[in-house]
Amino acid sequence: MPKTKFFNEMRADDNTVRAAYSDIARWLDSLPEGHLGIKTEEAELLFRRMGITFLVYGREGSNERLIPFDVIPRVFSAPEWDLLSKGSIQRVRALNMFLDDLYHGAEIVRAGKIPAELVFNNDYYQIQMHGLDVPGGVYAHIAGIDLVRVSESEFYVLEDNLRAPSGVSYMLENRAIMMRLFPELFNDNAVAPVDHYPDELLRNLRAVAPPGVGEPTVVLLTPGAFNSAYFEHAYLADSMGIELVEAPDLFVRDSRVFMRTTEGPQRVDVIYRRIDDEFIDPLAFRADSLLGVPGLLSVYRSGGVTVANAMGTGVADDKSVYPYVPDIIRFYLDEEPILNNVPTYMLRDPEDLKYTLDNLADLVVKEVHGSGGYGMLVGPASTKKEQEDYRARVLENPSGFIAQPTLSLSTCPTYVESGVAPRHVDLRPFVLSGEDVTVVPGGLTRVALTEGSLVVNSSQGGGTKDTWVLQE
Amino acid sequence: MLGRVADQLYWMARYSERTENMARIIDVADRMTLTPQTDETRQSAWVSALEVAGAQSGYGEKHGDINGADVVHYLAMDPDNPASIYSSIRATRENARALRGSITTEMFESINATWLELQAMNTDVLRPGARRDFFLWVKDRAHLFRGVAEGTMLQDEAMCFMNIGLYIERADCTARLLDSKYHVLLPASEEVGGALDYYQWGTLLRSLSAFRAYHKIYRDRISASRVADLIILNAQMPRSLRSCYDRLSETLEDLCGTGAPECQRLVGRLHSGLRYQRIDQIFATGLHEFLTAFIEGNAQVGQQLARDFMMVR
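Taken in order, these protein sequences are the chains called A and B. With my numbering, letter number 55 in the first sequence gets 55, and the count goes up by one each step, no holes. With my numbering, letter number 103 in the second sequence gets 103, and the count goes up by one each step, no holes.
Just so you know, these hints were derived from the structure itself, not from any lab. Yeah, the Cβ is synthetic: ideal placement off N, Cα and C, and Gly gets one too. Accuracy of the hints is not assured; some may be wrong.
To be verified - Short derived list, chain B residues pointing at chain A, Cβ under 10 Å:
1) Gly101
2) Ser102
3) Asp140
4) Leu144
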């Protein structure tokens, strides 16, 4: 692996501690030998007792696993957060306007800012959304913007998750566990709270109820207890005080959606759904889906119910549309993008393809429709054999792939077997849109626990950290 | 409340109660085998335990011959037996996981802890010298389930559905346990009312936590008709059929208010049989026949509840 200089978030090059981490560094120095190990075990016990688990599918049926939790928080100063939150909000505002435009005439295509086939031939473009007015023009009510840091002031967006981004329950539970394990840390640091997230979410969901509904009934639609993110669904429904429904709990009658309760049918106005577009209504999408609600789409189209996130948002967070986001921001907001886009090679372009194949060892290559860190090639960390195998895959269908330079992800101090050592991290803040566009000060920090690894996905052995934003 | 949620609450409580009941069923068989007797009668205690648990055919397929250690393992720890303590704790916990939004954190954590502790155990806990402690643990955890529910849950609809599940399951088990005596052989040399007969009735009382209550109430030696009177008709005995149905119909009244769904009628019919019959009338028609009819009627109540409230389609 080539020697790359990574940005260390706690220590500057001369090994002095950066201001935001001064208390954390003092705290780490003051801890008795073995203390972090004990606290790590305690944290694991708490997670297990509270059943904060995700399901892993394997040969032996499904297994409940814990996502490893690192007890050393990641810290952002107020000015750093100001930049991140403004940049994320700017992106989400522009992407919502982009979606509204795409389904209402596509001015941006006519202006020549983005190729028509990229949008209209996109698998995630939903023809059913065409011409449909959604309340407030909001499509992505909940967005998770995946960010990495490469230097003091440079942040890159890796991905905009506009469908059903998950992980927010970890942001909330990680904080709760940190406060339980290390209350003293919170006395010394003015850490911005995050636990109002469910209230903020509910406020925004209520704001997008169909017009004329006085006291909207909001529900959370989950695929069920066997979904890997079920804990999060139950957690959010519980903290918002709304019903957690599965598709068979809902039905359509007289152009309205109802849920089956012990006292008979009750009308539902807003559905925060955590199931994918194609499973939402077997009449409209997949007839073989057991997850959906027959007729839901027609109610949605007639304005009788709001679905959040809206259907068809996938076209805006697709990896093939991603390179155009800076232009999208300029087009709708007439502003310069605050956060950087990673330069992206589109392998459907012959020049980009050639460049990529010539430089496989230095690039990260991803499937356009991939997710979760599966099926990607991290050039600098791969063997010659892996590169050759991947080359063959790319050549089969070049337009299914994109390539990006390998980013030097920043590192944070992390408790590992050998003690406290720097490990690579990313960040997912959660942006809410509805009444307004906001982001709670914090997010999900994922950390690659293996030394040198740049893959932070929990499905690939990544862990999480509490993410602090210091108040001024 | 969602119909599905009501259904899951009902089943969560049933499964939790079933763990305790299964521990009682195994415990009573285990104790019955401890008196001096022939191999044949000893076997009949295990057969009767399987019968009460409704696990005879499942056990037969897996093990064939009756063997105490195998029966205990099958009823307590076998994941393949859907009615085992293991399976019931797992099912309680699966329902609780699905219900996280509808039960308190304390409830979930207590149920989850039971499941985690169970997983940390091995079959060693079923050794003859250790199994009674295991049964005690199972009962303790079930008591805790009810205590945490009582102490942390809102006294609302959710609690009603849990209580309904609890009483239906408990009534079912009490009836089956009492009926088990019918299946246990009394050796030809022993008389009805003799020492072994006496011992068997006493064991049954102990398994229902009713041994002391019996002596407190009747102040006399143990007889079949008094045991049946206590277990079926006594309103103060917490595990008696009468007591289960008193509380079941109370809960249904709370739940239904002025409406009167079909399940309430079914409950009323069984309830009146328990309130207005004398034990000699029951013996005249036959204890086994009475209990069989009760178990059947109780199951119908469960099915009707699902139709009335849980919008089961």
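Evaluation of the provided hints:
no.	hint	verdict
1	Gly101	holds, 4 Å
2	Ser102	holds, 8 Å
3	Asp140	violated, 18 Å
4	Leu144	violated, 14 Å
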